[in-house]
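Put together the whole structure using the sequences plus the hints.
There are 4 protein chains.
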Amino acid sequence: MAEKATGRLEAFSDGVFAIAITLLVLDIKVPRDLPEGVGLGQALLQQWPAYLAFFISFTFIGIMWINHHRIFSLLSQTDHTLLVLNGLLLLGVTVLPFPTALLSEYIGHAEQRIAGLVFNGVFLVIAIFFNILWRYIVGQPGLLAKDADPQAIAAITRSFAYGPVFYLITFGLAFFSVIASLVMSVALAIFYALPGRN
Amino acid sequence: MAEKATGRLEAFSDGVFAIAITLLVLDIKVPRDLPEGVGLGQALLQQWPAYLAFFISFTFIGIMWINHHRIFSLLSQTDHTLLVLNGLLLLGVTVLPFPTALLSEYIGHAEQRIAGLVFNGVFLVIAIFFNILWRYIVGQPGLLAKDADPQAIAAITRSFAYGPVFYLITFGLAFFSVIASLVMSVALAIFYALPGRN
Amino acid sequence: MAEKATGRLEAFSDGVFAIAITLLVLDIKVPRDLPEGVGLGQALLQQWPAYLAFFISFTFIGIMWINHHRIFSLLSQTDHTLLVLNGLLLLGVTVLPFPTALLSEYIGHAEQRIAGLVFNGVFLVIAIFFNILWRYIVGQPGLLAKDADPQAIAAITRSFAYGPVFYLITFGLAFFSVIASLVMSVALAIFYALPGRN
Amino acid sequence: MAEKATGRLEAFSDGVFAIAITLLVLDIKVPRDLPEGVGLGQALLQQWPAYLAFFISFTFIGIMWINHHRIFSLLSQTDHTLLVLNGLLLLGVTVLPFPTALLSEYIGHAEQRIAGLVFNGVFLVIAIFFNILWRYIVGQPGLLAKDADPQAIAAITRSFAYGPVFYLITFGLAFFSVIASLVMSVALAIFYALPGRN
Numbered sequence: 001m002a003e004k005a006t007g008r009l010e011a012f013s014d015g016v017f018a019i020a021i022t023l024l025v026l027d028i029k030v031p032r033d034l035p036e037g038v039g040l041g042q043a044l045l046q047q048w049p050a051y052l053a054f055f056i057s058f059t060f061i062g063i064m065w066i067n068h069h070r071i072f073s074l075l076s077q078t079d080h081t082l083l084v085l086n087g088l089l090l091l092g093v094t095v096l097p098f099p100t101a102l103l104s105e106y107i108g109h110a111e112q113r114i115a116g117l118v119f120n121g122v123f124l125v126i127a128i129f130f131n132i133l134w135r136y137i138v139g140q141p142g143l144l145a146k147d148a149d150p151q152a153i154a155a156i157t158r159s160f161a162y163g164p165v166f167y168l169i170t171f172g173l174a175f176f177s178v179i180a181s182l183v184m185s186v187a188l189a190i191f192y193a194l195p196g197r198n
Numbered sequence: 001m002a003e004k005a006t007g008r009l010e011a012f013s014d015g016v017f018a019i020a021i022t023l024l025v026l027d028i029k030v031p032r033d034l035p036e037g038v039g040l041g042q043a044l045l046q047q048w049p050a051y052l053a054f055f056i057s058f059t060f061i062g063i064m065w066i067n068h069h070r071i072f073s074l075l076s077q078t079d080h081t082l083l084v085l086n087g088l089l090l091l092g093v094t095v096l097p098f099p100t101a102l103l104s105e106y107i108g109h110a111e112q113r114i115a116g117l118v119f120n121g122v123f124l125v126i127a128i129f130f131n132i133l134w135r136y137i138v139g140q141p142g143l144l145a146k147d148a149d150p151q152a153i154a155a156i157t158r159s160f161a162y163g164p165v166f167y168l169i170t171f172g173l174a175f176f177s178v179i180a181s182l183v184m185s186v187a188l189a190i191f192y193a194l195p196g197r198n
Numbered sequence: 001m002a003e004k005a006t007g008r009l010e011a012f013s014d015g016v017f018a019i020a021i022t023l024l025v026l027d028i029k030v031p032r033d034l035p036e037g038v039g040l041g042q043a044l045l046q047q048w049p050a051y052l053a054f055f056i057s058f059t060f061i062g063i064m065w066i067n068h069h070r071i072f073s074l075l076s077q078t079d080h081t082l083l084v085l086n087g088l089l090l091l092g093v094t095v096l097p098f099p100t101a102l103l104s105e106y107i108g109h110a111e112q113r114i115a116g117l118v119f120n121g122v123f124l125v126i127a128i129f130f131n132i133l134w135r136y137i138v139g140q141p142g143l144l145a146k147d148a149d150p151q152a153i154a155a156i157t158r159s160f161a162y163g164p165v166f167y168l169i170t171f172g173l174a175f176f177s178v179i180a181s182l183v184m185s186v187a188l189a190i191f192y193a194l195p196g197r198n
Numbered sequence: 001m002a003e004k005a006t007g008r009l010e011a012f013s014d015g016v017f018a019i020a021i022t023l024l025v026l027d028i029k030v031p032r033d034l035p036e037g038v039g040l041g042q043a044l045l046q047q048w049p050a051y052l053a054f055f056i057s058f059t060f061i062g063i064m065w066i067n068h069h070r071i072f073s074l075l076s077q078t079d080h081t082l083l084v085l086n087g088l089l090l091l092g093v094t095v096l097p098f099p100t101a102l103l104s105e106y107i108g109h110a111e112q113r114i115a116g117l118v119f120n121g122v123f124l125v126i127a128i129f130f131n132i133l134w135r136y137i138v139g140q141p142g143l144l145a146k147d148a149d150p151q152a153i154a155a156i157t158r159s160f161a162y163g164p165v166f167y168l169i170t171f172g173l174a175f176f177s178v179i180a181s182l183v184m185s186v187a188l189a190i191f192y193a194l195p196g197r198n
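Chains as they are written, first to last, in this note's numbering: chain A, 1 to 198; chain W, 1 to 198; chain X, 1 to 198; chain B, 1 to 198.
Derived from the structure by calculation, the hints contain no laboratory data. Don't take each hint at face value.
No copy is singled out in the list; a pair is fine if it fits within one copy or between any two copies.
[As the list claims (entries may be wrong)] Below, a list of computed lysine to any residue pairs in the SDA-like style, where the Cα atoms sit at most 25 Å apart:
| hint | residue 1 | residue 2 |
| --- | --- | --- |
| 1 | Lys146 | Asn131 |
| 2 | Lys29 | Phe175 |
| 3 | Lys29 | Leu88 |
| 4 | Lys29 | Phe55 |
| 5 | Lys29 | Val125 |
| 6 | Lys29 | Ile114 |
| 7 | Lys146 | Tyr136 |
| 8 | Lys146 | Gly39 |
| 9 | Lys146 | Ala161 |
| 10 | Lys29 | Leu117 |
| 11 | Lys146 | Arg135 |
| 12 | Lys146 | Thr81 |
| 13 | Lys146 | Phe160 |
| 14 | Lys29 | Ala43 |
| 15 | Lys146 | Ser159 |
If you want it as structure tokens, here you go:
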């Protein structure tokens, strides 16, 4: 059943993205009870995994928000299934502070592989959710605005197809080297941010 | 006294829903100080009650948001009583991270019944608040938009009438088996998400 | 210098109100490490100060939001001073989770008087900020919309004048009895919520 | 590639600003386990660094929001680079609760200089991001609305140029005296809030 316009759904989604991206900082802890001979500067530097995990998650939530924005700017209607699929996507986004905290806690420890797999796995799942949402929209008559630019539609289809592939590679990489998978994540984020990409 | 349009009330309510749904993740804790012989993977799996509680609360807050959205899309006016009743509803929603944390802490422990009763009890109370709000709206001339679809109104009345019944059953079930009550909650959520329900 | 319309200022303020009201729940803690012979139900009941403090703060933030809404629905312009005074108000609102946590920690302890004074004192200061903001708006030509209802303006002036008086009484009461000051707060909140008040 | 209007970008940014400014309060902790002979009032007063750090960060996030507001009220379009530069700015804003907590923990301790440098350094970086964003907007044809007031544009350019200078001074001051750098921050905030500044 086709329904109202997309305004409130966007507002709600924006809220969830904005909160998830801002909660990430709660996982960067103030160093307390410094061990003998360790200065605050050193203690702050030793926390680099927390900064790295924060940066990657911040960047990817930002990119997801841009993608969400691109999708919804082409819609003229929502329906029940779209609400549910969008909810699945938001489920992934709200979960993100957890794997981010997990990664920042376990990088450099014996168990870092599990943390890296969970971290990259969540992003992989979200990328798949994005594709499911997009395919549903494209396949369902009446959701896309009549004047939606076919080139913009094709560009999204193309760009979303890469997502799961890239995240699958970072996921696989984490089996061998968590650091390598994170370096690739950062490289992807920078690549995406370069002008002319969009 | 009939007042302004509903824009800012929706924006505020959306904010509360979005924040409550996103705060839930703060109750999923990173396992620390793993006991001897327990790997991170195992420790993560042992946290399944936290994931289950998160999933149920996320889903129900999402469903409540959709219902809130449906109600407000039919309104053309607000008044003081509506503000107060909407406030009661938001009170229930903002409280939710607490019973969610309680449940995820106590599933599988001796005291899980109390936790399950509180968890299901809060949802029951919110379902009742939804019905009070809706009945007030239907009974108060001038709140519903003149062109509000009578079928949509009837559909909400019908669907809301089920809410307290279902939650009362899960509440009662929790006396006998917390797990059974949660399974029923998950089943309800999936049932609701199926296409054609709305 | 008169400036743009009030849309984004309202959206930002709504966000702050919505977040502050939702963060309050983080002060209701899950009881852990129950002492011997104390069941979860009993432990939850013993936390009543946290629920009471939550309820009072939730209600008053809700009432403040309604008042903010009433003020801004009459405005057609903002200016720099209005932004600053609104900022002072939001400062008070964002602070609220702290005195709420303080009160819920110290009710029933020897030091409860200090906690009660801080709690009621913050509300007193916010009520004064509301009056400063409102007097500035009324006194500054061009901020109120030309078609703003003079009766609505007079009603706000009257209702805001009571605020500091009531909060001053609860503040003073806290010297003698914290519980009495909280009972009065709850009574005020219920009185405010009654129909016909607005 | 020039794109849609700025509505959703502003809404998302507003959300991030509103959440960051409201999360600051989580760093003001309720004093627990008071040492013998220390009353609650005294314990609360001893926490002045937390209040000071809160106040400075609250004020500066507020000022940044006003500046963001001023910039976006002049825009008619966004593009990919603008999204990325705005994202960098929001990165700085979401980080702020961390240096705020760091400062409030370490003022008065031996390591306070590092905390002060990090605190002022983050504000310096954000001020530079603001200038990068603004220069990009001014230099890119089509982003500014055609009817954007040239005086407003010049006023922003002038006022933003001061930002990094002031923050550089507070940063440098922190080498010699953290307290002096904070006093200057408070003075700046009050100066900014004075009428006629904008």
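Quick rundown of the hints versus the structure:
When the C-alpha separation of Lys146 and Asn131 is checked against a cutoff of 25 Å, the pair qualifies only within one copy, where the shortest distance is 21 Å, while the shortest distance between copies is 38 Å. Proximity of Lys29 and Phe175 under a CA criterion of 25 Å is satisfied inter-copy only: 23 Å between copies versus 28 Å inside one chain copy. For a Cα distance limit of 25 Å, the shortest separation of Lys29 from Leu88 across copies, 21 Å, qualifies, whereas the shortest one inside one copy, 30 Å, does not. In this homomeric assembly, Lys29 and Phe55 come within 25 Å of each other (Cα to Cα) both inside a single copy, at 15 Å, and across copies, at 20 Å.
When the C-alpha separation of Lys29 and Val125 is checked against a cutoff of 25 Å, the pair qualifies only between copies, where the shortest distance is 20 Å, while the shortest distance within a copy is 28 Å. Taking the shortest Cα distances, Lys29 and Ile114 sit within 25 Å of each other both inside one copy (22 Å) and across copies (15 Å). Taking identical chains as interchangeable, the C-alpha atoms of Lys146 and Tyr136 lie at most 25 Å apart only when both belong to the same chain, with a minimum of 16 Å there against 33 Å between chains. Taking the shortest alpha-carbon separations for Lys146 and Gly39, neither the intra-copy value of 62 Å nor the inter-copy value of 54 Å comes in at or below 25 Å.
In this homomeric assembly, Lys146 and Ala161 come within 25 Å of each other (Cα to Cα) only inside a single copy, at 23 Å, whereas the closest approach across copies is 38 Å. Proximity of Lys29 to Leu117 under the C-alpha cut-off of 25 Å is found in both arrangements, the shortest distances being 23 Å within a copy and 17 Å between copies. Within a single copy, Lys146 and Arg135 get their C-alpha atoms as close as 17 Å, which meets the 25 Å cut-off; across copies the closest is 37 Å, which misses it. Only within a single protomer do Lys146 and Thr81 lie at most 25 Å apart by alpha-carbon distance; the minimum there is 20 Å, versus 28 Å between protomers.
Taking the closest pair of Cα atoms, Lys146 and Phe160 come within 25 Å of each other only inside a single copy of the chain (22 Å); across copies the shortest separation is 35 Å, beyond that limit. Proximity of Lys29 to Ala43 under the C-alpha cut-off of 25 Å is found in both arrangements, the shortest distances being 11 Å within a copy and 22 Å between copies. Within a single copy, Lys146 and Ser159 get their C-alpha atoms as close as 22 Å, which meets the 25 Å cut-off; across copies the closest is 33 Å, which misses it.
Going through the hint list in order, the structure does not satisfy hint 8, though it satisfies all others.
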